[in-house]
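Spelled out from the first residue to the last, the chains are:
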Amino acid sequence: MVRSEELYDAILNGDAKKAHAVTQATLAAGAVPMDLITGTMVPAMDEVGRLFETEEYFVPELLLAGRAMKSAMELLRPLMATSGEKLSTRVVIGTVKGDMHDIGKNLVASMLEGSGFEVFDLGADVSPDKFVAAVEQHTPQVVCLSALLTVTMPAMKTTIDVLKAAGLRTRVKILIGGAPVTGQYAKEIGADGYSESASGAVSLVRQIVAGA
Amino acid sequence: MNGRQRIDAALNGSWPDRTPVMLHNFMMAAREAGISMRQFREDPRLIARCFGDAAERYQLDGILVDIDAVTLAGVVGVPLDFPEDNPARSRGSCLPVLEAVRDLGPVDISNDPRIQILVEAVAILVRDYGDEIFIRGNCDQSPFSLAESMRGLDQWLMDVASQENDELVHGLLEYCTGVACQLLKMMARTGAHMLSNGDSPAGPDMLSPRFYGVYALPYERRVAECSHELGLPYLLHICGKTDRILKQMVDIGADALEIDFKTNLQLAHDIFQDKVTFVGNIDPSEVLARGTPALVKLKTEELLGTFADSPRFVLNSGCALPADTPSENVRAMLACVRNRSPLTFV
Chain A
1 MVRSEELYDA
11 ILNGDAKKAH
21 AVTQATLAAG
31 AVPMDLITGT
41 MVPAMDEVGR
51 LFETEEYFVP
61 ELLLAGRAMK
71 SAMELLRPLM
81 ATSGEKLSTR
91 VVIGTVKGDM
101 HDIGKNLVAS
111 MLEGSGFEVF
121 DLGADVSPDK
131 FVAAVEQHTP
141 QVVCLSALLT
151 VTMPAMKTTI
161 DVLKAAGLRT
171 RVKILIGGAP
181 VTGQYAKEIG
191 ADGYSESASG
201 AVSLVRQIVA
211 GA
Chain B
1 MNGRQRIDAA
11 LNGSWPDRTP
21 VMLHNFMMAA
31 REAGISMRQF
41 REDPRLIARC
51 FGDAAERYQL
61 DGILVDIDAV
71 TLAGVVGVPL
81 DFPEDNPARS
91 RGSCLPVLEA
101 VRDLGPVDIS
111 NDPRIQILVE
121 AVAILVRDYG
131 DEIFIRGNCD
141 QSPFSLAESM
151 RGLDQWLMDV
161 ASQENDELVH
171 GLLEYCTGVA
181 CQLLKMMART
191 GAHMLSNGDS
201 PAGPDMLSPR
211 FYGVYALPYE
221 RRVAECSHEL
231 GLPYLLHICG
241 KTDRILKQMV
251 DIGADALEID
261 FKTNLQLAHD
271 IFQDKVTFVG
281 NIDPSEVLAR
291 GTPALVKLKT
301 EELLGTFADS
311 PRFVLNSGCA
321 LPADTPSENV
331 RAMLACVRNR
341 SPLTFV
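First to last, the sequence lines map onto chains A and B. According to the working numbering, the residues represented by the first sequence are 1 to 212, in order. According to the working numbering, the residues represented by the second sequence are 1 to 346, in order.
What the hints contain is simulated information worked out from the structure, not anything from laboratory work. All figures in this text were calculated on a predicted structure; none of them were measured in a lab. A portion of the hints provided could be inaccurate.
Stated by the list, open to error - In the DSBU-like style, the derived pairs of lysine-lysine whose C-alpha atoms are separated by at most 30 Å in a straight line are: (1) B:K241 / A:K157; (2) A:K187 / B:K262; (3) A:K187 / B:K297.
Take these sequences, add in the hints, and give me the full structure.
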């Protein structure tokens with residue numbers, strides 16, 4: 001297991017340039033990509049999530065940490081593809097049809113990616129059919145739906161219904177989130193879970209994977 | 001007292017004869033008038049009719065004139081969508097690189113058709129209802145929020161937090177302050193009784209209190225000063241849970257602060273005291289739109305109880321009411337005020 005304190009600190013401090021440079025140097029010294037992810041990047045993003053929960057970090061710090069983590073992942077991905085190393089859990093995520101807001105979705109995607117999951121981010125204003133196509137193509141274990149607006153919340157139910165109609169509902173766990181969304185609403189529309197924070201979403205996905 | 005006098009009293013810290021109500025109801029008002037959001041935003045007479053009818057229907061003390069949250073963003077070049085049944089919204093940013101701030105030239109917002117519609121609607125409402133009902137001309141985005149629209153939320157928050165280009169960040173905020181003050185000046189000429197802005201992404205749901213104090217508050221203060229120079233009271237709205245910046249918000253110099261439902265009521269009460277008027281803050285979605293009249297009554301009574309010792313209080317939802325908010329829920333909220341003995345306030 002490789003633990004790079006420099007990379008850990010670069011992610012915590014949201015320093016993308018340093019994270020990139022340190023990763024490059026660590027790989028050159030012989031580090032295995034998957035070890036860097038599990039030994040350094042996942043703990044770093046866990047700590048970022050903890051600092052966010054305790055209100056020491058806010059959204060900008062989360063975004064900067066995510067950007068730093070991604071700059072390291074850019075170097076690791078091609079190497080993992082070559083070596084055949086794979087992240088174990090795949091997650092499809094998107095903001096539902098009619099909703100252009102993607103900050104919450106981006107935060108969750110970033111935290112999931114930093115926590116060692118393979119994330120397929122479909123963006124904002126995603127139609128149910130696009131979710132269906134993504135589930136067929138990427139065979140994720142988890143689908144995350146985001147909505148910021150009360151008026152776009154019903155599109156979450158529509159998306160779940162379309163996944164059911166396509167015969168894909170039982171293949172995936174569906175998590176929902178967003179400012180107006182509640183646990184009660186998740187139950188009403190037949191989702192498998194709800195989180196009100198990005199780090200909570202990571203915990204939920206971990207629980208799902210552990211229970212699978 | 002009429003509605004205008006009640007809200008004037010609440011702003012001045014003297015007791016109104018009953019708690020004044022001013023609803024953030026533009027979507028609901030349009031829906032109840034049977035018109036789409038597209039029809040609403042395109043015709044100042046329709047906007048005025050929707051608000052006027054709602055004020056008469058519910059006997060409101062104040063009218064909060066609002067058409068969407070991106071009017072200024074459109075003027076400065078942010079691409080917008082105009083859905084048939086939803087308010088206008090941004091679909092991207094207009095400053096892909098921060099360095100482009102250096103190229104921003106002077107902008108004259110007075111010829112923008114959407115600005116003209118908003119201002120005309122307020123002028124009609126002032127003419128038709130202004131003697132009896134308090135008219136609040138909402139001037140859309142505060143500088144931090146407008147800058148966010150121009151850069152895009154993710155990028156703007158990283159611009160701020162990285163502190164790598166502070167000169168450009170403050171340059172953009174200066175530009176946005178100038179634009180915001182232009183609209184305040186136009187709105188003041190309508191005869192509106194109060195000016196207001198929203199600074200949705202500036203609260204602790206997004207930004208740390210430290211960054212709020214550096215990048216949002218100083219510019220909010222300047223806009224509040226602009227309103228006062230125009231001779232009008234000023235209100236600022238910030239979304240989300242604002243507990244950690246309430247003390248800072250009081251220092252803006254606004255006459256009223258409109259607080260979202262997630263904020264700790266008692267804390268806001270204790271911090272505001274007689275310094276600033278509290279406007280808010282029933283949960284618009286879970287309570288007013290999706291709750292029962294009994295839940296609305298419970299939450300409204302709780303709110304009224306917390307502020308029972310303060311004249312500086314105006315009842316409203318914490319943020320915009322969804323279009324499909326049931327009228328019986330609004331009536332349940334209003335009944336709490338109307339059924340309350342005036343003696344409560346002595």
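Okay, the hints, checked on the actual structure:
no., hint, verdict
1, B:K241 / A:K157, "holds (27 Å)"
2, A:K187 / B:K262, "holds (22 Å)"
3, A:K187 / B:K297, "holds (26 Å)"
In this structure, none of the earlier numbered hints is contradicted; all agree with it.
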